[in-house]
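Asks: Here are the chains, one letter per residue:
Protein chains: 2
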Amino acid sequence: MPELRKDPIVGRWVIISTDRAKRPTDFSLENNGMKGGFCPFCYGNEHKTPPEIQAYRPNPNGGPPPQRDTPGWTVRVVPNKFPALGIEGNLSRQADGMFDKMNGIGAHEVIIETPDHNASLATLPPKRIEDVLWTFRDRILDLKKDRRFKYILIFKNHGESAGASLEHAHCQLIALPIIPIYVAEEIEGAKQYFIYKERCVFCDIIRQEIEGGTRVVAENDDFVTLAPYAPRFPFETWILPKQHESSFENSSSHMFENLAKAIKTLLTKADRVLDNAPYNLVIHSSPVQDPTNDHYHWHIEFMPKLTKTAGFEWGTGFYINPTPPEEAAKFLREATIEEPVEVG
Amino acid sequence: MPELRKDPIVGRWVIISTDRAKRPTDFSLENNGMKGGFCPFCYGNEHKTPPEIQAYRPNPNGGPPPQRDTPGWTVRVVPNKFPALGIEGNLSRQADGMFDKMNGIGAHEVIIETPDHNASLATLPPKRIEDVLWTFRDRILDLKKDRRFKYILIFKNHGESAGASLEHAHCQLIALPIIPIYVAEEIEGAKQYFIYKERCVFCDIIRQEIEGGTRVVAENDDFVTLAPYAPRFPFETWILPKQHESSFENSSSHMFENLAKAIKTLLTKADRVLDNAPYNLVIHSSPVQDPTNDHYHWHIEFMPKLTKTAGFEWGTGFYINPTPPEEAAKFLREATIEEPVEVG
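Protein sequences appear in the order of chains A and B.
This note's numbering numbers the first residue of the first sequence as 1 and each following residue consecutively.
This note's numbering numbers the first residue of the second sequence as 1 and each following residue consecutively.
Just so you know, these hints were derived from the structure itself, not from any lab.
Do not take every clue at face value.
Just so you know, same-sequence chains aren't split out, so a pair can sit in one copy or run between any two.
Below are the DSS-like pairs computed for lysine-lysine, each with C-alpha atoms no more than 30 Å apart in a straight line [stated by the list, open to error]:
#1 Lys330 <-> Lys81
#2 Lys22 <-> Lys330
#3 Lys197 <-> Lys6
#4 Lys150 <-> Lys191
#5 Lys191 <-> Lys101
One chain only, chain A, in its complex shape (with noise of 0.2 Å):
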């Protein structure tokens, strides 16, 4: 059982793996078996994953119903086979020493996004995309039921430099018994900004920055994408929905055809703009367990990994963007793209 260990001095839970250590000589092996070879997220391969929590299968032949973990979904739920938490058991919050701790309880799932391994979420049809974005609620919808879960994270590490172990597109989501720390502190922050202002501080900045123009890169109808004012890194942008709304989950049916399209057209202008650089998704939401509020905007953080991160960052919080967001956004704003096409 993996264990959840805080720091006495800011707060901060790690996750401590001990069941399987990491020894000194193991990193080194760590980026093995990227690229080529056996793929388990292709069809045919169902058996070498975990048993499917959930999947999409067509039918539209109206034939025999299609069989768990064989050949035939669009996107494909699976628990992570090296999970950083265990689902089973109770927290047992204890003290160790003058420290704190609990089991590492939680859920840590795949989503696999297609079965085409050489797809990826910029390439994807925006229906397939938004077929993704509504496996993220289903999971979202049943995992807060289980009330030892506090936050839902819901991550993808795109390219080997930004962590992706496997190259087939696959996102990944972990339930967590405690709200990790930065998420904490940016909806403490949102929630000082309106005890001072009386408005979500998210909507302010939407608003803003629409009217000022020069740090937007995309806009529909439900969503504004855009570079944000004190970006950490170079390309950072963030999805932001249009209209208030505290979770993810919560978004109306109508938005996830709007959001597919969104991120559809920020990874394919980064695609073109950057190179194709790895990236990190970081879907930003409210405490599952929480009731809806005025103060937290729910938004998808998007961070190309163009540049090494240095101990200056890690040790104090402090970034040096090298790439000012106006001209970031001017970048992507001005890569010309095909507009998604609707095809299934």
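Please build the complex by placing chain B on the supplied structure of chain A, with the hints as guidance.
Replies: Frame of chain A, contents of chain B only:
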């Protein structure tokens, strides 16, 4: 003039370079020139750096005093040729619509640790490491006279994938007009603990860890080297002074000798156990304009770069560490090294 911009949600200040903004195609060129070729930090190339700020030049034979910007130095400090911040001007704090910004005022210096291109901090004799530490102190005491500077960061990026752009051994110093956010949070966390317990949290950690021993890597009269209870990274290690002291630069003179030995011991053990892995090393100290205090305890954090940091960590500050600190400490503790010997 670079800009300091504040994220309106979490209050994090970011340096945005505006002079030499990096365009998308600049990033792929970023890592050239690391190995081989011309080195501006070697003897004879002193004119290739900006004029030196200070240098140690032993003059044992009582000959004519050595000249600035010529060979003969053992440690040399120069302004960074591509500074992240500008030294001249005033802060001009101002609004930018709903946002906040100020001029990117600060100092950005490079401490060249040795004239020997093939040496590293780990391979330098303890006396030479001590000279580097005295240099840090000299620079802090000089820069803190400038009341614009609230915090002075000293850090080292060793190895290309830890962010070093030149292989010749060097550290960097950045004097900032603001306190970086994680540093502020660390100080605030320590202050809260002090209010609750009326003891320094770091002093408590040191006492408990020395008693327990499982996370201790090394120890001498003045310093303890240990793996923290909830490390973010495999083999993350801290060096802490045993006696409470809030600021690095206020340490008693006799401690620098033992600090140099503690650093040499840790880096040598880490080189052996982790096969010369790249690393970041950061000095955590109190804000330079603050009076001495009872709640914060300066220390050094050492973070070897063994894993890629993925989207999960970036987005949330929530880390998965595959190596328990007890095992990391055991590997480092048991690594046999030659005892540092006293050669000048």
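Asks: Could you run down the list of hints and mark each one as holding or not?
Replies: The hints, checked one at a time:
no.: 1; hint: Lys330 <-> Lys81; verdict: between (41 Å within a copy, 28 Å between copies)
no.: 2; hint: Lys22 <-> Lys330; verdict: between (44 Å within a copy, 13 Å between copies)
no.: 3; hint: Lys197 <-> Lys6; verdict: between (33 Å within a copy, 18 Å between copies)
no.: 4; hint: Lys150 <-> Lys191; verdict: both (18 Å within a copy, 27 Å between copies)
no.: 5; hint: Lys191 <-> Lys101; verdict: both (28 Å within a copy, 22 Å between copies)
The structure fails none of the hints (numbered hints given earlier).
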